[in-house]
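Colleague: Protein sequences, first through last, are from chains B and F. For the record, in the first sequence the residue sitting at position 159 is 264 according to the numbering used here, with numbers rising by one throughout. For the record, in the second sequence the residue sitting at position 97 is 202 according to the numbering used here, with numbers rising by one throughout.
Don't take every hint at face value.
One copy or two, either will do: identical chains are not told apart, so a pair holds if it fits within one copy or between any two.
Below, in silico cross-link-like pairs of lysine-lysine (DSSO-like), each with a Cα-Cα straight-line distance of 27 Å or less [unchecked claim]:
1) K315 <-> K291
2) K145 <-> K259
3) K267 <-> K307
4) K138 <-> K291
5) K145 <-> K255
6) K138 <-> K267
7) K272 <-> K315
8) K310 <-> K291
9) K291 <-> K145
10) K307 <-> K343
11) K335 <-> K315
12) K320 <-> K112
13) K343 <-> K255
14) K145 <-> K112
15) K259 <-> K272
What the hints contain is simulated information worked out from the structure, not anything from laboratory work.
2 protein chains.
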Amino acid sequence: MKCVSCKEEYTSEDAGTCRDCYDEAGETEEELKREIDDLKAKLNFLTTTTSSSSYSTASSPWLCFSDVVLVASTYEDASTPIPAHRAVLASRSPVFKAMLENDMEESLSRTIKIIDVSYDALRAFICYLYTAEACLDEPMACDLLVLADKYQVKHLKTYCEKFLITKLNWENALLNYAFAHQHNAKSLLDASLVVIMENMDKLNKREEYKQLVDKDPQVVVEIYEAYVSKQANTAALKDSPNL
Amino acid sequence: MKCVSCKEEYTSEDAGTCRDCYDEAGETEEELKREIDDLKAKLNFLTTTTSSSSYSTASSPWLCFSDVVLVASTYEDASTPIPAHRAVLASRSPVFKAMLENDMEESLSRTIKIIDVSYDALRAFICYLYTAEACLDEPMACDLLVLADKYQVKHLKTYCEKFLITKLNWENALLNYAFAHQHNAKSLLDASLVVIMENMDKLNKREEYKQLVDKDPQVVVEIYEAYVSKQANTAALKDSPNL
Numbered sequence: 106m107k108c109v110s111c112k113e114e115y116t117s118e119d120a121g122t123c124r125d126c127y128d129e130a131g132e133t134e135e136e137l138k139r140e141i142d143d144l145k146a147k148l149n150f151l152t153t154t155t156s157s158s159s160y161s162t163a164s165s166p167w168l169c170f171s172d173v174v175l176v177a178s179t180y181e182d183a184s185t186p187i188p189a190h191r192a193v194l195a196s197r198s199p200v201f202k203a204m205l206e207n208d209m210e211e212s213l214s215r216t217i218k219i220i221d222v223s224y225d226a227l228r229a230f231i232c233y234l235y236t237a238e239a240c241l242d243e244p245m246a247c248d249l250l251v252l253a254d255k256y257q258v259k260h261l262k263t264y265c266e267k268f269l270i271t272k273l274n275w276e277n278a279l280l281n282y283a284f285a286h287q288h289n290a291k292s293l294l295d296a297s298l299v300v301i302m303e304n305m306d307k308l309n310k311r312e313e314y315k316q317l318v319d320k321d322p323q324v325v326v327e328i329y330e331a332y333v334s335k336q337a338n339t340a341a342l343k344d345s346p347n348l
Numbered sequence: 106m107k108c109v110s111c112k113e114e115y116t117s118e119d120a121g122t123c124r125d126c127y128d129e130a131g132e133t134e135e136e137l138k139r140e141i142d143d144l145k146a147k148l149n150f151l152t153t154t155t156s157s158s159s160y161s162t163a164s165s166p167w168l169c170f171s172d173v174v175l176v177a178s179t180y181e182d183a184s185t186p187i188p189a190h191r192a193v194l195a196s197r198s199p200v201f202k203a204m205l206e207n208d209m210e211e212s213l214s215r216t217i218k219i220i221d222v223s224y225d226a227l228r229a230f231i232c233y234l235y236t237a238e239a240c241l242d243e244p245m246a247c248d249l250l251v252l253a254d255k256y257q258v259k260h261l262k263t264y265c266e267k268f269l270i271t272k273l274n275w276e277n278a279l280l281n282y283a284f285a286h287q288h289n290a291k292s293l294l295d296a297s298l299v300v301i302m303e304n305m306d307k308l309n310k311r312e313e314y315k316q317l318v319d320k321d322p323q324v325v326v327e328i329y330e331a332y333v334s335k336q337a338n339t340a341a342l343k344d345s346p347n348l
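Could you build all of it, start to finish, from the sequences and the hints given here?
Modeller: See the structure below:
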């Protein structure tokens, strides 16, 4: 027989679908693609502005009718204010919402100062709140995860975690584990732990390990606890009479 | 052979894919579904508010930090004002943008009066600008199409046209044709014309036809022109030596 998709000959042992099911699958795929197009058009409608520039182009902020500014500030210095809208900030982050709805300093001055963050990271953060998109590398993903955790922007936190998980390896697993621990990033924590546990024999030779033992021994203890618990589970499975 | 999808036996004549292609198609489908989930989560992030009520629940408007109101008004009466945000209106509609960015009455008073529209239709229109969703029946689709045309909200106009096209039949084709003509709805116009041209022998017996001849004969002439042009094309195709 000839496959209607790849046009190669195949024997009955390698048979896939009958023609009816093949046609049906094709229709399903078409429907899914149409749904994707519709969803993309909706997203585009909700995020594109009618002016020539938009929040996603770094140079010229769109932001007409802005009613609040955000400032990235260190103790010495403050960045260029980034204009935004209270309604958008409040609808994306419960922390901004509480801050802006009550008579807090930020609400009265219409200025939100954010400490210990770079201008670029803050700008990317605000941009994400408007567009649900960000251009990530590892440092930016870490910066945005910290902000997402602090301002409870769950969608962004998941996005950053997913990105960092794709970059996990033995070289960075311990740092990612400690980082995930600090910022309550459960998926990244679990994924880092898997990588660490595959390399337990090499663990205490790493420089970051020694630093972590000094700085945050509790976190190291949790790694060992997870390891011992996993070993116990494995042993129990082996001894189980059902296997 | 047995189909791996429906589990039915089939002969080699009815063969669809080989197993490799079947597996690949399954993976593609999974990928498309994942993409759909991602897009839906993005949309949800961009349209859901953190407060308990949202724009899509009719009773309690969310709309904190609103900086403009819209009023549905007839010559005698004005409805309850509907709060909104200038930034959202301006980013979805070039007409609102121009109105709000310049020193027009609406911009100074922060009030946009919309004539000859019901409160419900206006509310659904504003809701669409925030969520890209609307619950349509035929009268609502017509009302929203009129607003979408007036305020140049292309995404909504397409949405209403698609809905009205699914409801087209010989009973409503002529009314839809005239309506589409009046509000520059090209897809609806073309689709209505197809239905009308299938029923040309019955056309001049309809009550709406007579009314249209009185009210807007130009539109009726265009139907006849399209019909004659189609007949000429069909005849030319028949005479073509290549067929």
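Colleague: Determine for every hint whether it applies to the structure shown.
Modeller: Okay, the hints, checked on the actual structure:
no. : hint          : result
1   : K315 <-> K291 : within (23 Å within a copy, 70 Å between copies)
2   : K145 <-> K259 : both (21 Å within a copy, 15 Å between copies)
3   : K267 <-> K307 : within (26 Å within a copy, 62 Å between copies)
4   : K138 <-> K291 : between (32 Å within a copy, 24 Å between copies)
5   : K145 <-> K255 : between (29 Å within a copy, 24 Å between copies)
6   : K138 <-> K267 : both (24 Å within a copy, 17 Å between copies)
7   : K272 <-> K315 : within (23 Å within a copy, 71 Å between copies)
8   : K310 <-> K291 : within (26 Å within a copy, 71 Å between copies)
9   : K291 <-> K145 : between (29 Å within a copy, 22 Å between copies)
10  : K307 <-> K343 : within (25 Å within a copy, 81 Å between copies)
11  : K335 <-> K315 : within (23 Å within a copy, 83 Å between copies)
12  : K320 <-> K112 : neither (62 Å within a copy, 60 Å between copies)
13  : K343 <-> K255 : neither (43 Å within a copy, 72 Å between copies)
14  : K145 <-> K112 : neither (33 Å within a copy, 36 Å between copies)
15  : K259 <-> K272 : within (20 Å within a copy, 41 Å between copies)
The structure fails hints 12, 13, 14 (numbered hints given earlier, in ascending order).
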